[in-house]
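If you're matching positions, the sequence shown starts at 426 in the numbering used here and goes up one per residue.
Hints are not guaranteed to be accurate.
[Unchecked claim] 20 Å max Cα-Cα, derived SDA-like pairs, lysine to any residue: (1) K494 - N427; (2) K494 - G465; (3) K494 - Q466; (4) K494 - L518; (5) K494 - D448; (6) K494 - F477; (7) K494 - S464; (8) K494 - S461; (9) K494 - S454; (10) K494 - Y447; (11) K494 - I442; (12) K494 - L513; (13) K494 - R533; (14) K494 - V515.
Note that these hints are calculated values from the structure, not bench results.
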Amino acid sequence: MNIEVRDTRTGPVLEVIGELDYDTSAELSHLLATLSIESGQRLVLDLARMEFCDSSGISALIAARNHAKSGGADIALAAVPANTLRVLRVVGLDQVFPLHPDVESAIRP
426 MNIEVRDTRT GPVLEVIGEL DYDTSAELSH LLATLSIESG QRLVLDLARM EFCDSSGISA
486 LIAARNHAKS GGADIALAAV PANTLRVLRV VGLDQVFPLH PDVESAIRP
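Required output: the full structure, derived from the provided sequences and hints.
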C-alpha cells in the first residue's frame, strides 16, 4: 500500500493506493497521527485506487474519522470501490461517512 498526501483549500486529501488490510492499516494510522487537521477542515480519503479493504482497513477508516472529528474537522470518503461500498452499507457505515463519487465533489465546501 502507498498513501499520497496533498493539501487542498478545504484540507488534506489522502489517496490510498493498493490494499488496506491487516498488514497495511497501521500505515494509515501512523500517518494520521502526524497529520495536522484544523477545525473546520475536511479530511478526504480518496479510495479510487484502493484494491482491497478488510475489517482492519474498515477499522482504520473509522480511526481516521475519529481523528478528524477530535480536531473539529469533517471527513469524507471519495470514489469508494464497489466491494468496499457494499461492506460499508451492510454495516451501516454509509450513514456515518459522507460518500462522494470523486475527490472534486468531496472537497467542495
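Indices of hints not satisfied (ascending) = 1, 5, 6, 10, 11 and 14
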